[in-house]
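J.: Each chain is listed here by its residues.
There are 2 protein chains.
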Amino acid sequence: MTEPAEISSLTLNRLSLYLRCLRQLQDAGTTHVSSGQFAQHFELSASLMRKDLAHFGEFGIRGTGYRVDDLAARLTTLLGLDRIHNLAVVGMGSLGSALARYLSFNDKPFRIVAAFDVDGRKVGHKIGHLVIHHSRDIPEVIPQTEAQIAVLSVPASAAQQCYEDLTVSGIEAVLNFAPTQLKQHPAVRTKSVDFQINLEELAYFLSS
Amino acid sequence: MTEPAEISSLTLNRLSLYLRCLRQLQDAGTTHVSSGQFAQHFELSASLMRKDLAHFGEFGIRGTGYRVDDLAARLTTLLGLDRIHNLAVVGMGSLGSALARYLSFNDKPFRIVAAFDVDGRKVGHKIGHLVIHHSRDIPEVIPQTEAQIAVLSVPASAAQQCYEDLTVSGIEAVLNFAPTQLKQHPAVRTKSVDFQINLEELAYFLSS
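Chains A and B supply the protein sequences, listed in that same order. Counting along the first sequence from 1, when you hit position 15 you're at 15 in this note's numbering, and nothing is skipped either side. Counting along the second sequence from 1, when you hit position 119 you're at 119 in this note's numbering, and nothing is skipped either side.
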């Protein structure tokens, strides 16, 4: 089994999706599944799934399909979700707090190790066991934590400055929720979650 | 000016992005911009932008570029953002509440007209001026509102049932935040915002 140098973002996202579907099957007590059944149940493409998985070696058993536990475990390892990833959350407004709460659920491989805000009523207070620091202290605080990924949930006007502070502090990846076009640092993996643009797209199709 | 029958999702998302950038220029007091300046400032492709806009007729003035106010106004109309879109929010947990708060800001063309949850401590209470209804009443309540779009922010296990209730209630588009693969209704435009998958993608690249 040789791994390709770099998996595409689309393939990776599909692998995440397969894993999620497998976990649903585990919860339902299903132990074996064929690619055809799997694809039909979750409305996926069976051939694409077989192709995606074939990339990473022999997963299925010819004629029997996949052992659900096995495939889930192998995808978990492959995706690096068998270890903890430390996160910093910048912006503890209602969205940032909701994300922090969501991501702190125990079954997730993500752990929040630092939280930041500019609001004097929040700074110094705790969220769970974490003290909220002032965002201006990002360059000082981040290197003291093991945070590799930052979740950016600040207003658009503050996003670029926070992003730059994060990149100089050693953060390697940023998940941006601020509705703005960030000038990206080439060495920092950056993804934007832009639900406002998704909503505008839906609105367009209803108007037209 | 003839409009194409259907603009692709990618083109639409870029138009939303141009509009957002134009609003930043408006806020900064910029009145005119060339496609080259615009593209450079926001790290976009100038040629793609010219092509996208040329689709919809003559926007720019040769040699002078674009009048910011004009272009922003025309994109606003084109995207259907010059009128109010009524939303229902299903799932008033921390994420749903954060989304509701975010979307209720005055400058947005989205108005929340219905809210639902299954939690007895929330049902019957108000969020802003809206009473939170029980999710089982979606088929009864939605037709009494003018909601066209639903924001789905319920746990994965509840998402499919809510989605089906929404589609039979006359909802025409759904923005799904539940981390699950919905079996989609062909007549309902459905977009998923899946930040868990985005986060897993970032984690993968850090692990590898």
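Incorrect hints may have been included.
Intra- or inter-copy, both count: the list cannot distinguish identical chains.
Under the rule of at most 20 angstroms between Cα atoms (straight-line distance), these lysine to any residue pairs were calculated in the SDA-like manner [stated by the list, open to error]:
{"hint": "1", "residue 1": "K108", "residue 2": "S207"}
{"hint": "2", "residue 1": "K126", "residue 2": "S94"}
{"hint": "3", "residue 1": "K183", "residue 2": "R20"}
{"hint": "4", "residue 1": "K191", "residue 2": "N13"}
{"hint": "5", "residue 1": "K108", "residue 2": "P179"}
{"hint": "6", "residue 1": "K183", "residue 2": "A39"}
{"hint": "7", "residue 1": "K183", "residue 2": "N13"}
{"hint": "8", "residue 1": "K126", "residue 2": "R14"}
{"hint": "9", "residue 1": "K108", "residue 2": "L17"}
{"hint": "10", "residue 1": "K183", "residue 2": "Q24"}
{"hint": "11", "residue 1": "K183", "residue 2": "S157"}
{"hint": "12", "residue 1": "K108", "residue 2": "I197"}
{"hint": "13", "residue 1": "K183", "residue 2": "V33"}
{"hint": "14", "residue 1": "K122", "residue 2": "R101"}
{"hint": "15", "residue 1": "K126", "residue 2": "T145"}
{"hint": "16", "residue 1": "K108", "residue 2": "E6"}
{"hint": "17", "residue 1": "K183", "residue 2": "G124"}
{"hint": "18", "residue 1": "K191", "residue 2": "R121"}
{"hint": "19", "residue 1": "K126", "residue 2": "V141"}
{"hint": "20", "residue 1": "K51", "residue 2": "S157"}
{"hint": "21", "residue 1": "K108", "residue 2": "V168"}
{"hint": "22", "residue 1": "K122", "residue 2": "L48"}
{"hint": "23", "residue 1": "K191", "residue 2": "L10"}
{"hint": "24", "residue 1": "K108", "residue 2": "R50"}
{"hint": "25", "residue 1": "K191", "residue 2": "L17"}
{"hint": "26", "residue 1": "K126", "residue 2": "K183"}
If you're looking for bench data, these hints aren't it; they were derived computationally from the structure. None of these values were measured; they are calculated from a predicted model.
J.: Taking each numbered hint in turn, which are not upheld by the structure, reported in ascending numerical order?
T.: Hint check: 8, 16, 17, 18, 20, 21, 22, 24 and 26 fail, others pass.
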